[in-house]
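Peer 1: Chain by chain, the residues:
There are 2 protein chains.
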Amino acid sequence: MKKHNFSAGPCVLPKEVIQKASEALLDFDNGLSLIEISHRSKPFVDVMEKARRLALQLLDLEGKGYQALFLQGGASTQFVMVALNLLETEAAYLNTGTWSSNAIKEAKLYGKVHEVASSADKSFSYVPKNYTIPANCDYFHCTSNNTIFGTQLTTFPKTDIPMVCDMSSDIFSRTLDFSQFALIYAGAQKNMGPAGTTLVVVREDILNKVTRSIPSILNYNVQIAKNSMFNTPPVFAVYTSMLTMEWLQNLGGISVIEAENNKKAQLIYSEIDLNPLFTGFAAKEDRSKMNATFNLTETKLKETFETMLQKEGISGLNGHRSVGGYRASMYNALTLDSVGVLVDVMSELERKA
Amino acid sequence: MKKHNFSAGPCVLPKEVIQKASEALLDFDNGLSLIEISHRSKPFVDVMEKARRLALQLLDLEGKGYQALFLQGGASTQFVMVALNLLETEAAYLNTGTWSSNAIKEAKLYGKVHEVASSADKSFSYVPKNYTIPANCDYFHCTSNNTIFGTQLTTFPKTDIPMVCDMSSDIFSRTLDFSQFALIYAGAQKNMGPAGTTLVVVREDILNKVTRSIPSILNYNVQIAKNSMFNTPPVFAVYTSMLTMEWLQNLGGISVIEAENNKKAQLIYSEIDLNPLFTGFAAKEDRSKMNATFNLTETKLKETFETMLQKEGISGLNGHRSVGGYRASMYNALTLDSVGVLVDVMSELERKA
Chain A
1 MKKHNFSAGP CVLPKEVIQK ASEALLDFDN GLSLIEISHR SKPFVDVMEK
51 ARRLALQLLD LEGKGYQALF LQGGASTQFV MVALNLLETE AAYLNTGTWS
101 SNAIKEAKLY GKVHEVASSA DKSFSYVPKN YTIPANCDYF HCTSNNTIFG
151 TQLTTFPKTD IPMVCDMSSD IFSRTLDFSQ FALIYAGAQK NMGPAGTTLV
201 VVREDILNKV TRSIPSILNY NVQIAKNSMF NTPPVFAVYT SMLTMEWLQN
251 LGGISVIEAE NNKKAQLIYS EIDLNPLFTG FAAKEDRSKM NATFNLTETK
301 LKETFETMLQ KEGISGLNGH RSVGGYRASM YNALTLDSVG VLVDVMSELE
351 RKA
Chain B
1001 MKKHNFSAGP CVLPKEVIQK ASEALLDFDN GLSLIEISHR SKPFVDVMEK
1051 ARRLALQLLD LEGKGYQALF LQGGASTQFV MVALNLLETE AAYLNTGTWS
1101 SNAIKEAKLY GKVHEVASSA DKSFSYVPKN YTIPANCDYF HCTSNNTIFG
1151 TQLTTFPKTD IPMVCDMSSD IFSRTLDFSQ FALIYAGAQK NMGPAGTTLV
1201 VVREDILNKV TRSIPSILNY NVQIAKNSMF NTPPVFAVYT SMLTMEWLQN
1251 LGGISVIEAE NNKKAQLIYS EIDLNPLFTG FAAKEDRSKM NATFNLTETK
1301 LKETFETMLQ KEGISGLNGH RSVGGYRASM YNALTLDSVG VLVDVMSELE
1351 RKA
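Protein chains in written order, with our numbering: chain A, 1 to 353; chain B, 1001 to 1353.
Same shape as in the complex, but just chain A (with noise of 0.2 Å):
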């Protein structure tokens, strides 16, 4: 039976990434497994060199004074990477749910902070907007997509002090002008491979602003300086995401999979919308292109249609564990014959209540 995989990451990734990532373990160089090969050998650097340079490709920003690294631990890691690295006295982060709570739990650590605006008071269902970012500050810090509530920033603030992004569960999703952004990272984990590496996409000029002493592992400036290799790298994570990044470039790149990615959107949220027995739990304007949350506005209904979803193969549609309800996931490896079939499940349930 044909699988459709909404979860919300680890993800779908597409078939024949896995399966080249599956052969690689197999045979990678001249008989060797990809994963018993030195990372320092030709073959994997290369990969390394690929994958850094697909990334700054697929944002358009090469030659741009961009550096890309695969990294490990996440963007929890960078949570705290990014203030060691760049926080001197203070900075400023817009709060729109429990990544950037943790963002900005991390970065306290390290200086003030200035919560610019929270979408809190209502459960982060929406994206706060016309707040004012000092500009005493270091830099901004956000988060483009919110995978558990489900909301999204369609745009993002104009300032003059540098821009921090965590695009963990949009990256490669959406065209936009990165080069507004000084520091973009993204755990693999969605739209560019297996967990296990994060990317971090970063302006040069803004580093070495900082008076402390940064450990090695944690200083970009290291990282930058071993070409993403200070230590031994998880080298099979890299290699499935330059597989994913590749797959992305031959299809035509962001803009081809943005289109992708709206028909997935319009067709879910018209369900919901017009559906009586869903209910979107984001605020209409600010709703997530990858993570379409909603709830059965009866709940007697939900045995059925959790057996309804499990016969067609769907699966991963939970809503994360603080929220409930339900979670569409639609990163850029999910067709839309998969949200076709979840919308096809939603109208049969309103048929039979």
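Just so you know, these hints were derived from the structure itself, not from any lab. The reader is advised that the hints may include incorrect statements.
Selected chain A positions facing chain B (Cβ under 8 Å, derived; list incomplete) [claimed, not checked]: (1) ASN5; (2) GLY31; (3) SER33.
No residue lacks a Cβ here, since even glycine has one placed at the ideal position from N, Cα and C.
Chain B: place on chain A using the hints.
Peer 2: Same frame as chain A, now just chain B:
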């Protein structure tokens, strides 16, 4: 042609582990790939729990107050975490090579470091003995095996302060009373699995003694409280490490592989000592059973030797870029047969020369 992979890490892994990992990428849970499912799903939570249990079982530390964690960031991140979590005022470090030196460098960011002894005076070709560990230190840190220089600690000092050991390159390779250590850490990419995860085994009673604020992701307590899933773990690396530990347990555990490792070491070192064309780098009494470092006595034979190696399918024999010469890394999954092939080439070179 059969391959003989002497790579220092990432390195050879058991064939059946690689086979199973490759299959799990195609279908791990009900048609879904290992890297496409939620890390919070039961199938993966079971993997993490089994990996944590196996690590404690293999080290005979189950039920003795220890916790096993599978983190990200390599031993280089542990250099920082150990100091952040344990170093309140002073710590004692034994310097036996590059990795010890790096651990010392990072610890100095957090307190006073006593270098109790160092073998830097002789290019780290031996292990210092008869040093004193100050009793007022928060902990004593050592590196059990020095991959680059090919030395290994055969005994560990008696001390009343917690002993911390970087076992990245010899974990699970020999029996020891592991309860003499309060904290053991090891990057996976030698005896345990692919690059991308780091095992930390920590006795809980040594935690909560420092007064500083520790970033969540770098806090052992936080990681323990979250069952090694504070954030998305490196799914593939943890799964493949679990398979490798399972393979070792099925073989009969560490004592069985230790006997095999002893045979491999004896074979190569006998050849190095008997063959006038080769000379060992490390002091005889401190030789590593994992990494045999040696040089050609007649450099004009270099090309001939390396051509012969290649012809026999031997790879990964180059010494570390900072040392040169040769290094035969003989981790758990390297067979005695492979060492035999290498030794045959060394003998053949002698006959030819």
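Peer 1: Which numbered hints are broken by the structure, listed smallest first?
Peer 2: none
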